[in-house]
Amino acid sequence: MTYRNPPTTPRKSATFDDYTLSEIRRAAATGIYDIRGAGAKRKLPHFDDLLFLGASISRYPLEGYRERCDTSVVLGSRHAKKPIELKIPITIAGMSFGSLSGPAKEALGRGATLSGTSTTTGDGGMTEEERGHSKQLVYQYLPSRYGMNLRDLRRADAIEVVVGQGAKPGGGGMLLGQKISDRVAEMRTLPKGIDQRSASRHPDWTGPDDLEIKILELREITDWEKPIYVKVGGARPYYDTALAVKAGADVVVVDGMQGGTAATQEVFIENVGQPTLACIRPAVQALQDLGMHRKVQLIVSGGIRNGADVAKALALGVDAVSIGTAALVALGDNDPRWEAEYNELGTTSGAYDDWHEGKDPAGITTQDPELMKRVDPVAAGRRLANYLKVMTLEAQTIARACGKNSLHNLEPEDLVALTIEAAAMAGVPLAGTNWIPGKNGF
Amino acid sequence: MPATSKAMRDSHARVFDLDVLSLRELNQALHNLAPGSNETAWEVLNPKGSHSVAVGVDQPVSIDVRGSVGYYCGGMNSGSTITVHGSAGPGVGENMMSGSIVIKGDASQYAGATGKGGLLVIEGNASSRCGISMKGIDIVVHGNIGHMSAFMAQSGNLVVLGDAGDALGDSIYEARLFVRGKVDSLGADCIAKELRPEHLELLQGLLDRAGVTGVKPSEFKRYGSARTLYNFNIDNADAY
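Sequence order for the protein chains is A and B. The numbers in numbering that gives the first Met the number 0 rise by one with no breaks, and the one at position 138 of the first sequence is 137. The numbers in numbering that gives the first Met the number 0 rise by one with no breaks, and the one at position 6 of the second sequence is 5.
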């Protein structure tokens with residue numbers, strides 16, 4: 000019997016992991032960066048790293064099934080004659096027709112309306128599907144101005160000036176030729192089938208002083224009726240929020256890097272911008288420093304998944320949250336029922352993010368007439384409404400346990416953090432300590 | 000001629016003196032116009048560089064602005080005829096839907112940005128980014144235009160009797176550019192194109208509508224998209 004040296008276990012690099020290696024091979028084979036949809040997939044400090052304390056001897060709870068816990072919120076009362084009144088502090092984020100199918104947009108409108116909340120257009124103009132089925136519709140005013148027109152501006156309930164989004168602060172929209180149907184092309188005044196790379200800067204203003212004049216124009220056009228939101232990606236939340244307020248915004252929307260996109264470069268999604276959790280306190284601080292907290296409303300989006308996330312965001316000082324990816328999942332995105340078809344596309348349910356290719360088996364991120372039939376707008380809208388209902392009940396459950404008769408009475412003092420990183424970002428103590436990194440002299 | 004004497008002469012015009020009334024009152028009065036209103040002539044005095052003068056007007060009235068305006072004059076105009084007897088600040092006629100705007104003086108940056116229809120005439124010069132992202136508007140500039148004009152221009156016609164600055168028509172889509180003078184440089188994917196009979200006819204129509212006389216369509220050169228960047232190709236990456 001010959002002696003053999005004990006073998007070492009094959010060891011893969013933590014730096015060059017399987018995903019990284021596959022991406023190097025893909026880049027070498029194709030010569031082009033990877034484009035995909037959705038938001039940052041890397042592990043980030045998030046709401047999961049926060050816990051509520053609940054009631055104790057010094058704080059007493061409200062009865063779960065007897066005492067009221069208000070969920071309503073008014074957006075845009077600073078300047079608008081007709082502010083947006085929502086029953087729940089969860090809105091549907093902007094997603095374009097073009098990126099999404101007509102039935103998917105209709106379903107979002109139906110679900111939001113059933114729930115007493117608003118939905119939002121996107122980088123492709125306003126469709127009849129969503130206007131018709133959305134009681135409260137926010138009309139995005141984007142750099143591309145695709146489909147922008149006076150009639151739609153006046154029949155919107157609010158206007159959202161989009162400066163950036165969390166998935167790609169500093170990047171413009173992208174809609175590849177596969178999804179440019181006749182209808183999408185016509186709405187955007189572009190030839191069918193071309194790759195659309197929307198502008199990343201607005202064509203007729205640059206900087207905060209111009210933005211103030213642009214907001215004045217939008218108010219004058221709409222007779223000061225409609226709330227004007229300003230949406231920014233999670234880049235410099237303190238300064239962006241302060242500048243938006245200075246420019247006259249009624250509502251500031253801050254979208255963290257987990258916020259989704261229809262399509263952009265993977266390298267952009269994963270490496271530019273800040274996590275949602277890191278954006279909230281600086282944005283709230285800016286409002287507080289200006290004496291505008293609760294006067295200018297703050298909406299935060301990017302990775303909101305359940306009522307706990309909603310409650311945590313509100314406790315940190317946010318007025319409302321917005322959901323995009325989660326809303327699509329409620330409609331049926333990435334549903335395991337289509338697993339065989341996901342496999343044919345080289346992926347699996349839960350991981351499918353090639354939304355730009357227009358082959359979505361769930362019929363949501365497509366313009367294929369056959370695939371989009373898979374979305375029943377009524378049933379999908381009902382699922383979204385159910386999901387919003389659950390999130391709201393969950394948030395109320397937590398708020399009552401913390402002794403709050405309104406979700407908006409939740410406060411940072413109700414929270415602790417599980418990690419030093421989350422404690423620093425959220426400005427709440429590390430669990431079991433009174434230590435807030437960066438404060439208390441540390 | 001002093002603005003007031005003209006206003007007094009034209010007894011039918013509804014006169015809005017911005018020294019007396021606010022911008023809000025002016026725009027609200029214009030928006031309150033019902034279809035078929037007989038208040039079809041308006042005169043705005045003392046604009047003194049005000050922003051957002053006569054924005055979002057959606058009735059076919061004529062508005063004479065006596066003096067220079069600030070940003071976004073005539074923004075989103077839908078059917079009205081606006082004449083600025085002075086110069087215009089940035090974004091004049093931005094996202095115009097229809098109607099016409101005439102600037103007797105010069106225009107600043109982004110003139111006619113994203114315009115979807117109608118006619119914008121600038122009798123003086125226009126600055127940089129004239130016709131940026133234009134989506135169907137017709138723009139006629141009697142003088143010169145600045146750099147980066149017609150950037151990402153999607154549709155419509157830009158006619159320039161003078162010269163154009165650098166990077167004309169960068170990343171242009173299907174808009175047509177006609178320049179009579181010299182072009183400092185063309186932007187990515189913008190090329191000179193043949194001036195065919197249908198273009199001569201189109202140009203003549205645009206010149207007529209803009210009140211240009213003594214200029215022949217054959218004096219212009221046409222520029223448009225080479226369409227090489229319509230679908231992403233890694234071999235074109237150096238173009239960006």
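Quick caveat, the hints were computed from the structure, so don't treat them as lab data. Where hints are given, some of them may not hold.
[Said to hold, decoys possible] Incomplete in silico selection of chain A near chain B, CB under 7 angstroms:
#: 1; residue: G30
#: 2; residue: G176
#: 3; residue: Q177
#: 4; residue: D181
#: 5; residue: L189
Built from N, CA and C at the ideal position, the CB exists for glycine as well.
Evaluated hints:
1. G30: Since chain B brings a Cβ to about 4 angstroms from G30 (chain A), closer than 7 angstroms, the hint holds.
2. G176: G176 (chain A) check passes; min Cβ-Cβ to chain B is 6 angstroms, inside 7 angstroms.
3. Q177: Hint on Q177 (chain A): violated, closest Cβ of chain B at ~10 angstroms, above 7 angstroms.
4. D181: violated (15 angstroms)
5. L189: Nearest chain B Cβ about 6 angstroms off; hint holds.
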